[in-house]
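K.L.:
Protein chains in written order, with numbering that gives the first Met the number 0: chain E, 0 to 205; chain Z, 0 to 205; chain A, 0 to 205.
Be aware that one or more of the hints could be misleading.
One copy or any two copies: either way a pair holds, since identical chains are not told apart in the list.
[Unchecked claim] Here are the computed lysine to any residue pairs in the SDA-like style, where the Cα-Cα straight-line distance is at most 20 Å: (1) LYS28 with ALA95; (2) LYS149 with SER80; (3) LYS200 with LEU12; (4) LYS29 with GLU155; (5) LYS28 with ILE147; (6) LYS29 with PHE205; (7) LYS28 with VAL197; (8) LYS29 with LEU183; (9) LYS198 with GLU155; (10) LYS28 with LEU60; (11) LYS28 with LEU203; (12) LYS29 with PRO204; (13) LYS29 with ARG202; (14) LYS28 with ARG202; (15) LYS29 with ILE142; (16) LYS149 with TYR87.
Note that these hints are calculated values from the structure, not bench results.
Quick caveat, the model's predicted, so the values are computed rather than measured.
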Amino acid sequence: MLSINNSIALVELLGVLAFAFTGIIEARKKRMDLFGAYAVSMIAAFGGGTIRDLLIDNYPLYWVTHSNYALMLLGFALASSLLGAAFYENKQVNNAFEVLDTLGLGLFSTAGASVAHQAGCDFYISLLLGVATAVFGGVLRDIVCNEIPKVFRRNELYATCAFAGSLVFLVSLQAGLNTLVAMLAGVLVTILLRFISVKYKIRLPF
Amino acid sequence: MLSINNSIALVELLGVLAFAFTGIIEARKKRMDLFGAYAVSMIAAFGGGTIRDLLIDNYPLYWVTHSNYALMLLGFALASSLLGAAFYENKQVNNAFEVLDTLGLGLFSTAGASVAHQAGCDFYISLLLGVATAVFGGVLRDIVCNEIPKVFRRNELYATCAFAGSLVFLVSLQAGLNTLVAMLAGVLVTILLRFISVKYKIRLPF
Amino acid sequence: MLSINNSIALVELLGVLAFAFTGIIEARKKRMDLFGAYAVSMIAAFGGGTIRDLLIDNYPLYWVTHSNYALMLLGFALASSLLGAAFYENKQVNNAFEVLDTLGLGLFSTAGASVAHQAGCDFYISLLLGVATAVFGGVLRDIVCNEIPKVFRRNELYATCAFAGSLVFLVSLQAGLNTLVAMLAGVLVTILLRFISVKYKIRLPF
Chain E
0 MLSINNSIAL VELLGVLAFA FTGIIEARKK RMDLFGAYAV SMIAAFGGGT
50 IRDLLIDNYP LYWVTHSNYA LMLLGFALAS SLLGAAFYEN KQVNNAFEVL
100 DTLGLGLFST AGASVAHQAG CDFYISLLLG VATAVFGGVL RDIVCNEIPK
150 VFRRNELYAT CAFAGSLVFL VSLQAGLNTL VAMLAGVLVT ILLRFISVKY
200 KIRLPF
Chain Z
0 MLSINNSIAL VELLGVLAFA FTGIIEARKK RMDLFGAYAV SMIAAFGGGT
50 IRDLLIDNYP LYWVTHSNYA LMLLGFALAS SLLGAAFYEN KQVNNAFEVL
100 DTLGLGLFST AGASVAHQAG CDFYISLLLG VATAVFGGVL RDIVCNEIPK
150 VFRRNELYAT CAFAGSLVFL VSLQAGLNTL VAMLAGVLVT ILLRFISVKY
200 KIRLPF
Chain A
0 MLSINNSIAL VELLGVLAFA FTGIIEARKK RMDLFGAYAV SMIAAFGGGT
50 IRDLLIDNYP LYWVTHSNYA LMLLGFALAS SLLGAAFYEN KQVNNAFEVL
100 DTLGLGLFST AGASVAHQAG CDFYISLLLG VATAVFGGVL RDIVCNEIPK
150 VFRRNELYAT CAFAGSLVFL VSLQAGLNTL VAMLAGVLVT ILLRFISVKY
200 KIRLPF
């Protein structure tokens with residue numbers, strides 16, 4: 000059976016994979032080479048968690064002490080280069096990327112809020128750092144690709160879903176729920192809200 | 000009566016308000032949604048101080064342990080969204096923003112130099128970190144909004160005013176003046192130089 | 000005779016000079032003023048090492064405790080402003096900049112890998128942080144100048160040369176070679192590979 004710590008590690012792995020894909024795809028749209036694709040995938044995958052950890056002095060960084068992640072992403076970037084446009088311009092791959100991205104959004108926001116909360120941040124800052132963990136990898140990815148961050152302009156709800164997921168996670172935790180259960184609740188709320196927002200084209204009213 | 004520490008806290012509050020406004024206005028020019036406006040206002044307000052603190056290992060970050068600031072800026076972003084273009088495209092509001100921005104410039108540069116100096120930085124690095132505290136919130140704001148930082152191109156003196164203010168503050172401190180008096184002197188010099196530069200269209204000669 | 004520590008300091012100085020020049024040139028292309036040129040030269044020169052040190056919690060930062068570097072770059076920025084376009088649009092100056100840039104690339108990647116290795120990072124993370132030290136000053140410089148980082152798009156090998164240099168350095172170190180000898184080997188490999196790549200227009204195959 001998975002322990003809480005193992006579950007959080009698994010959550011981080013899935014999120015890392017999801018966000019790395021988005022980095023590779025954006026890098027290729029900008030006609031970057033293998034090194035560029037690798038760098039942007041690393042930034043997209045580890046950027047949010049790294050910013051969170053720099054802000055709360057939480058060292059060592061996870062990816063610095065777990066170099067197998069960075070090696071795994073090198074494999075991803077190489078594979079995507081070998082497969083080429085057939086891979087990253089493929090409609091089905093892009094649909095899969097949307098699903099993985101939503102999964103990553105839920106996973107990173109709750110895991111990020113959990114790390115901030117355990118580091119002693121109060122409720123609201125933990126909430127903000129949960130959202131930051133989920134969206135700032137993408138923000139850095141877009142800045143490096145010389146775009147205004149999509150998450151700040153996106154029509155359908157995106158950061159708001161991470162916000163709702165972190166909120167449900169932190170409230171569940173305060174209500175005395177087990178961390179793993181609270182995390183699952185947060186992830187499900189994020190995914191559900193994102194799904195509804197995309198399906199019914201729901202936006203922030205202003 | 001205000002103690003020095005209370006005064007510095009007040010100085011930080013006024014600066015935070017001033018810079019947050021500039022972030023909301025830039026975000027709205029780029030047609031960002033509420034979340035984007037909030038994120039850019041946070042970056043504009045806390046970015047300079049956060050960069051200073053990351054560079055000198057000065058933890059915990061002020062806004063991380065004072066979550067009421069982040070909540071207050073959420074209120075600002077919400078209010079500006081509700082008021083809409085009538086608010087942030089209004090000429091008088093923009094004039095007020097110019098005044099607040101100049102105030103923030105003076106406040107942040109002296110407070111930033113003070114923090115760096117107290118953390119053990121030497122004269123020149125304290126001076127640079129004072130300027131960085133004052134202008135890097137705006138630099139990050141412009142990078143996120145996909146613009147070349149205005150402060151690097153601005154015709155009228157801007158960073159130079161922060162430089163002069165930090166310089167006056169640090170020299171006053173070394174001359175044995177009280178921290179609060181030195182800070183007031185630095186703020187006044189910043190504001191005065193900025194006012195003169197805008198009024199007489201003074202630029203750096205190269 | 001130079002001790003290892005003195006040699007590493009000399010290596011850092013030469014690298015700082017090389018990268019600062021690239022920052023001044025980019026800033027002037029964007030018509031920035033003196034302050035902009037100074038800021039971008041600081042970012043180009045110290046950005047890579049600063050990112051490495053923030054990622055591995057390696058404080059105090061070198062340039063924060065050695066303010067003579069920051070003062071020296073102020074002199075550079077002032078001199079380039081006084082000389083004007085005759086200086087930074089000059090073909091020979093640009094050729095010299097290419098040579099210095101390649102030297103900086105080799106120096107920063109091996110020195111960066113060395114710092115990461117001494118801080119306890121494993122082989123692969125030390126390798127990545129060596130490359131990051133060498134190229135992220137340029138990445139930040141390009142982001143601030145609102146460009147997609149050249150290193151991610153550059154036709155001829157660039158980051159790959161830093162990668163090869165760091166690799167040779169770390170392998171030499173593990174093979175028991177003296178740090179200074181290993182560093183020299185890494186720098187030579189970086190320069191040689193870059194020279195061959197530019198001369199024969201070698202690119203990454205994908």
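K.L.:
Could you run down the list of hints and mark each one as holding or not?
P.N.:
Each hint tested on the structure:
1. LYS28 with ALA95: Within one copy only: 17 Å inside, 33 Å across.
2. LYS149 with SER80: The answer is between: 19 Å across copies meets 20 Å, while 24 Å in one copy does not.
3. LYS200 with LEU12: Neither: 30 Å inside a copy, 38 Å across copies.
4. LYS29 with GLU155: So LYS29 and GLU155 pass the 20 Å test across copies only (17 Å; inside, 24 Å).
5. LYS28 with ILE147: Both. Shortest intra-copy (15 Å) and inter-copy (12 Å) distances satisfy the 20 Å Cα cut-off.
6. LYS29 with PHE205: between (31 Å within a copy, 13 Å between copies)
7. LYS28 with VAL197: neither (23 Å within a copy, 25 Å between copies)
8. LYS29 with LEU183: For LYS29 and LEU183, the Cα distance exceeds 20 Å both inside one copy (36 Å) and across copies (35 Å).
9. LYS198 with GLU155: within (9 Å within a copy, 45 Å between copies)
10. LYS28 with LEU60: The answer is neither: 29 Å in one copy and 36 Å across copies each exceed 20 Å.
11. LYS28 with LEU203: between (28 Å within a copy, 17 Å between copies)
12. LYS29 with PRO204: The answer is between: 17 Å across copies meets 20 Å, while 32 Å in one copy does not.
13. LYS29 with ARG202: Classified as between; 17 Å across copies, 28 Å inside a copy.
14. LYS28 with ARG202: between (26 Å within a copy, 19 Å between copies)
15. LYS29 with ILE142: both (12 Å within a copy, 15 Å between copies)
16. LYS149 with TYR87: For LYS149 and TYR87, the Cα distance is within 20 Å only inside one copy (19 Å; across copies 22 Å).
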